[in-house]
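Participant: Sequence:
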Amino acid sequence: MSGFVEKPDPVQVPGLLHLHTGKVRDLYRNEAGDLVMVASDRISAYDWVLPTEIPDKGRILTQLSLWWFEQLADLVPNHVVSTEVPEGAPADWEGRTMVCRSLRMIPVECVARGYLTGSGLAEYEQTRTVCGLALPEGLTDGSELPGPIFTPATKAAVGDHDENVSYEEVAREVGAETAAQLRQLTLAVYQRARDVALDRGIILADTKFEFGYRTGDEDGIGVQAESDVGLVLGDEVLTPDSSRFWPADKWEPGQAQASFDKQFVRDWLSGPESGWDRSGEEPPPPLPASIVEQTRTKYAEAYRMLTGLEWFWPLR
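Residue 165 in the UniProt record's numbering is what sits at position 165 of the sequence shown, and the numbering runs on without skipping anything.
Because the hints were derived from the structure by calculation, they are not lab data. Any given hint could be a false lead.
For lysine-lysine, the following BS3-like pairs were computed, each having C-alpha atoms within a straight-line distance of at most 27 Å [unchecked claim]: (1) Lys23 with Lys7; (2) Lys7 with Lys155; (3) Lys23 with Lys155.
Throw the hints in and build the complete structure from the sequences for me.
Facilitator: As structure tokens, then:
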């Protein structure tokens, strides 16, 4: 089993139509046709959205995404229109809300890898490939790859795994020209972000992006114009939820790496203290306060190291 332990009811806001409740984000459409993305403090692990939230997590993800969008603005346009909280929305939406252009999303998770770990490592150990790309012998967990690679995946529903696919499958799904553009742009953005992060003491091991096409809206209800205006970067970008960040001074291939993400949560859930059987039918239990605080600290530390600013809300 998997999914939400306790799926929340969507907040009802005048003028907003609730579209979707995801693992972390709630998605609405406003009367102008823009999307309103609200990042909650929910956290997921092992395909479950847990019953315990991590305070400030949604704001950290949002503010870090906004910072990265600025760093990447000369490479690719993004979908952000404003960060203004819609009238009538809860005060808690402040800092965790992005009003975004509605995009025609491409149904591909655009993953870039510069290091071998996770599902890429599992495939490599079986076939010496990742998404069909041949890699040299002798690589181990955490090894730096000869060069960044594009390893796309299908986007899964809540509670399911994303599934790695080959570049050829992407080309069949979206067309050869679009597939080539996705690969080129994904690797360009990854390499820029990798260099920025490394300069700040963080290894960007891998990350995933989502792209879409900005389309015309001739009658105000989302009718697509005849021509698109190019790929646009959407969703969140380069956060601890969408990326593997490792402290550069602790990187040591051949073992699991220290990371700026929810590893404390995974370790506790998979350990004896939680009493939870991952292969059983029962959902995971609530997180203890110490795990919540350690996880929040890791997210805040990633924000500080990347932006150079101490995390404090409201930002100052």
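Participant: Are the hints correct? Go through all of them and say.
Facilitator: Checked hints:
The straight-line distance between the Cα atoms of Lys23 and Lys7 is roughly 9 Å, inside the 27 Å bound, and the hint therefore holds. Between Lys7 and Lys155 the CA atoms are separated by roughly 20 Å; this keeps the pair inside 27 Å, and the hint holds. For the suggested pair Lys23 and Lys155, the alpha carbons sit about 13 Å apart, so the restraint of at most 27 Å is met.
In this structure, every one of the numbered hints holds.
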